[in-house]
Amino acid sequence: MVCVKIVVGSMRLLVLFLVASAGCASAGEFAVFSSGSRLHVDRHETVDGRLRLYSGGGYIEVEASKIQGFEGDGAAPAAVPPKTAAPAPAAVQVTPERLADAAADRYGLPRALVRSVISAESRFRMEAVSPKGAIGLMQLMPDTAQSLGANPYDPAQNVDAGTRYLRALLEKYHGLLWHALAAYNAGPKAVEKYNGVPPYRETLNYVKRIDRDFKKAGD
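Position 149, counted from 1, in the sequence shown is what the numbering used here calls 149; the numbers after and before it change by one each time, with no gaps.
Mixed in with the good hints there might be a few duds.
Said to hold, decoys possible - Cross-link-like lysine to any residue pairs, in silico, SDA-like; alpha carbons within 25 Å at most:
(1) K216 - S147
(2) K216 - K189
(3) K172 - G187
(4) K193 - S147
(5) K172 - D160
(6) K216 - K193
(7) K215 - K66
(8) K189 - N205
(9) K215 - D160
(10) K215 - F124
To be verified - Here are the simulated distance ranges between beta carbons:
(11) F124 - K172: 56 to 62 Å
(12) R201 - G108: 29 to 35 Å
(13) N151 - R212: 55 to 61 Å
(14) N195 - N151: 22 to 28 Å
(15) G149 - V47: 56 to 62 Å
(16) M141 - E63: 18 to 24 Å
(17) V129 - H174: 31 to 37 Å
Just so you know, the hints here were simulated from the structure itself, not pulled from any lab data.
The C-beta atom is built at its ideal place from N, Cα and C for all residues, glycine as well.
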């Protein structure tokens, strides 16, 4: 039988190659496919990342990933490095800082701002509960958390909801940071009543502290 030259472009052509190569000389090697099938070839080489399998005067090209290895005629199988699964990624520890940064990125706020708010609200303590009943890292009141569809006792949901609320306040006050922070601390009604930051000592100290820490982080 005459060995024909075929450049593989389909499974049909590969079958033709197998039939044609059956009558070729037996010297050479066996290509072992990932499926378990074996094909006798004269030799092989790698061309542009693909394996070229020669038989007689022709050859076929296959993806290297489809070949498990090569065996010599009557010899032990050629050593082929086994495919090993990629190692599992290391577990990432969930920290208040990571939660803050993720939420800031999600809602397009500066990371330093969200961190500064968390620091002022809860000092990064996940279990913090204020005497007034504010819960968690960004100290959400239960009714506020409910309106935002968040479980305030879940740190991730707490920070997400608090950051989302802060973003909404910034939009409400056209980007005026002090107004938004004052509303977060004392409520929007107090800001509307005084047309700005209300003259409450707690709120004034709160706004100034966050503004200072936020600017310091940006230096």
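Tested hints:
no., hint, result
1, K216 - S147, "33 Å, violated"
2, K216 - K189, "30 Å, violated"
3, K172 - G187, "13 Å, holds"
4, K193 - S147, "23 Å, holds"
5, K172 - D160, "18 Å, holds"
6, K216 - K193, "31 Å, violated"
7, K215 - K66, "57 Å, violated"
8, K189 - N205, "19 Å, holds"
9, K215 - D160, "22 Å, holds"
10, K215 - F124, "19 Å, holds"
11, F124 - K172: 56 to 62 Å, "26 Å, violated"
12, R201 - G108: 29 to 35 Å, "32 Å, holds"
13, N151 - R212: 55 to 61 Å, "32 Å, violated"
14, N195 - N151: 22 to 28 Å, "35 Å, violated"
15, G149 - V47: 56 to 62 Å, "58 Å, holds"
16, M141 - E63: 18 to 24 Å, "60 Å, violated"
17, V129 - H174: 31 to 37 Å, "33 Å, holds"
When the structure is compared with the earlier hints, violations turn up for hints 1, 2, 6, 7, 11, 13, 14, 16 and for no others.
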